[in-house]
Structures are given as C-alpha cells and as structure tokens.
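S.K.: Chain residues, written in single-letter form:
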Amino acid sequence: MNSDFTYMLGAVASVFAVNYTIRALPFLLFAGRDRELPRWVERFGSFVSPIIIAALIVYSYSGLAWSTASPYIAGALTVAVHLWRRNPLVSIVTGTALYMVLLSLHSA
Amino acid sequence: MGDPGTAIPAHERRAILRRAFVDSLPVLMGYTTMGFVAGVLLAAKAGVSFAPLWAFLSSSLWVSGTMSIACVPELSQRTPWAALAMMTLAVNFRYVFYGFTMLKRWRSVPILQKAFLILALADENYALEAACQIRDPKRNLRYCTVLSALNISYWVAGVTVGAVVVSLLGHIIDPERLRSWTDGMEFSMAALFIVIFTDQVKGMLRRGK
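Heads up: the protein sequence lines correspond to chains A and B, in order. With the working numbering, the residue at position 81 of the first sequence is 81, and numbering never jumps. If you want the working numbering, it's the 1-based position in the second sequence plus 1000.
No lab work stands behind these hints, which were simulated from the structure alone. For each residue, glycine too, the CB sits at the ideal point set by N, CA and C. One or more hints might be untrue.
To be verified - According to the in silico footprint, chain A covers these stretches of chain B (three or more CB under 8 Å from chain A):
{"no.": "1", "segment": "1013-1022"}
{"no.": "2", "segment": "1051-1062"}
{"no.": "3", "segment": "1099-1109"}
{"no.": "4", "segment": "1120-1130"}
{"no.": "5", "segment": "1175-1185"}
Unchecked claim - Partner residues aside, some chain B positions facing chain A, computed with beta carbon under 10 Å:
{"no.": "6", "residue": "Ile1008"}
{"no.": "7", "residue": "Pro1009"}
{"no.": "8", "residue": "Ala1046"}
{"no.": "9", "residue": "Thr1079"}
{"no.": "10", "residue": "Phe1093"}
{"no.": "11", "residue": "Arg1094"}
{"no.": "12", "residue": "Tyr1095"}
{"no.": "13", "residue": "Gln1113"}
{"no.": "14", "residue": "Met1189"}
{"no.": "15", "residue": "Leu1192"}
{"no.": "16", "residue": "Val1195"}
{"no.": "17", "residue": "Thr1198"}
{"no.": "18", "residue": "Gln1200"}
{"no.": "19", "residue": "Gly1208"}
Can you build the whole structure from these sequences, using the hints too?
M.R.: In structure tokens form, the structure reads like this:
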C-alpha cells in the first residue's frame, strides 16, 4: 500500500507538470519582455478563437453517441432555440434534455 | 475604457459576479455530472486506496476532464509516470493555443493571479472567457478570475463527491448504476460550445454586413 501511495503521488504530479506547462507555455515564451507583443500574437486571438471553439464542438461530439442521429438533432435544436431565445442557459438545458431523452429511447 | 487607477465600484463588482455566475451555470451542470462520473470511475476502476484524496488532488491540480477519465485504466495498470506524462502531452496539447489568445489580455496581471488563471484554462472556462464581451481590462480580469474560481470548484466538487460516494456506498450500490444516472448530461458541454460558436458566427455576419 505504501508503494501504491508513492505511485499515485507521482502520477498526479507528472500529469500536473505536463498539463500545467502546456497551459503556461505561451506565457513563459513571452514572459519578461517589456517591448510590445509581436503583431501576429496580438491578432492571433481574434481569428483563432472561433476555430478553437469549432474544434471543441467536434471534440466533445467524439465523447457522445456520435454514430447515431441523437447528438445532431439535439445540436440543431440547441442552435434553433439559441437563435430564437438568445439565452445560453435555456438553449443548453433544452438541447441537453432532448439528448437525454433520445439517448434513453435509443438504449430502451 | 475605465481608468486603470480606480477601483471597480461595489455595485459593479456584484454585477460582474452575477454575470460570471449566470454564465457558469451550464458549466455547473456539466462539470458536476462529468466530474461525478470521473470520481466514480477513479474510485471504482483505478484500484487505488484513498480514492477521495486522489480525486480531490487530481481534479484541483489538473482541471482536465479528459485526463481525469482517460487516466483511470492507466492507473489501474500502474502505467509508468513518464508514459502518463506523454499521454497528457498528446491528449491536452490543444491547451497551448488558449494561452496564446489570452497573452495580450492578461499582460499586466500579477504573477499569482496569472498562475491561477492559467491553471483554470480548461476548454469550457476558456470558451467563456474568449466569448466575454466586457471590454474594460480590470472588469474583464475580475470576470475571468471569478469564473475560473467557480468552474474549478464545480469540477473539484463533482470528482470528489463521486469518489466519496463510491468509497462509502460502493459495496451497496453498483458503481455502474451510479454512473448511468448521469447518462446524456455530457451533452451540456457540447451545447455550451455550440451556443458560443453560434454567437461568434452571428457576430461575424453582423460585422460583415
């Protein structure tokens, strides 16, 4: 059990070290520079963030029942409700509720 | 743009807190349920003692749902630390882009506060921060800090409660049944990204006119 404890301590620490370094890397690369950030960095955020969000949609779908119609129907409803009501919480709750219903119908 | 030398008035601070809380509600829904699943899996499948302790430590230090769930089979096989590190690099490399888009915004943030914001740079938190329309730097920073604290606490609570429940009730209730209670809730995270993307596309179309 003692070696188990050591193993888990090292496991938590090594994932933390890599994970945090990835998140901090841009800040480390441009740390301590008094001069202005390069222009490409300044412009990067505005055009790259929609691409990241689009990639996150695809990525989150890989954890869903992506080979069935359910997540796409629920996704379409989420967009429709959002365009109609313009309330993020309402859109998300509605889409998720439909997905849960479809999923339970599918597995029933 | 507000004067950087003046403090934010109390009523505005409360308004920012309220706004961050409302924006975080979808994350509350997704993180507590997904966190619960991750905690259940860790306690039921990883074959480790003191599961609630590891659930708490890993969720608060990683703030990464992907790794919390993906590491469970690896931990049960006692996969070497270096292999876990390589796996983290492969699975979470996308995070490197998030920091790049925040560099300018967080330029003059004090080091400890910046370290905390970086810790919180997970997918959902980043997506909300990137979508935040508060232009004033001080108010934007307050929004990001409050949002980060809320989202991290949801995640840590979900994972820890999941592990505690299995540790206490695992021999009474089948962990698989515990996990199945949340079936479908994972869609809320996809829905959050869809909503943010819809707003971004709408904004681009409006500017394009």
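S.K.: Given a cut of 10 Å on the nearest C-beta pair, is the interface hint for proline 1009 of chain B held or broken against chain A?
M.R.: violated (26 Å)
S.K.: Per the coverage rule (Cβ-Cβ under 8 Å, at least three residues), is the segment 1120-1130 of chain B covered by chain A?
M.R.: holds (count 5)
S.K.: Using Cβ atoms only, decide whether leucine 1192 of chain B comes closer than 10 Å to chain A, and label the hint accordingly.
M.R.: holds (6 Å)
S.K.: Please verify that hint: glutamine 1113 of chain B, Cβ, nearest Cβ of chain A, below 10 Å or not.
M.R.: violated (12 Å)
S.K.: At a threshold of 10 Å, is the proposed contact between alanine 1046 of chain B and chain A supported by beta-carbon distances?
M.R.: Where the cut-off is 10 Å and the nearest Cβ of chain A is about 9 Å from alanine 1046 of chain B, the hint holds.
S.K.: Are there three or more residues in the segment 1099-1109 of chain B whose C-beta lies within less than 8 Å of some C-beta in chain A?
M.R.: n = 9 at 8 Å, threshold three: holds.
S.K.: With 10 Å as the cut and Cβ atoms as the points, is arginine 1094 of chain B at the interface with chain A?
M.R.: holds (7 Å)
S.K.: Under a C-beta cut-off of less than 8 Å, do 3 or more residues of the segment 1175-1185 of chain B approach chain A closely enough to confirm the stated coverage?
M.R.: holds (count 3)
S.K.: Can we keep the methionine 1189 of chain B interface hint, with Cβ of chain A closer than 10 Å?
M.R.: Holds, about 5 Å.
S.K.: The hint names valine 1195 of chain B as touching chain A; please verify it with the least Cβ-Cβ distance against 10 Å.
M.R.: holds (5 Å)
S.K.: A closest beta-carbon separation below 10 Å is what the hint needs, so does threonine 1198 of chain B meet it against chain A?
M.R.: holds (5 Å)
S.K.: Does tyrosine 1095 of chain B pass the interface hint, meaning its C-beta sits closer than 10 Å to a C-beta of chain A?
M.R.: holds (5 Å)
Of the numbered hints stated above, those contradicted by the structure are hints 1, 6, 7, 13 and 19, listed in ascending order.
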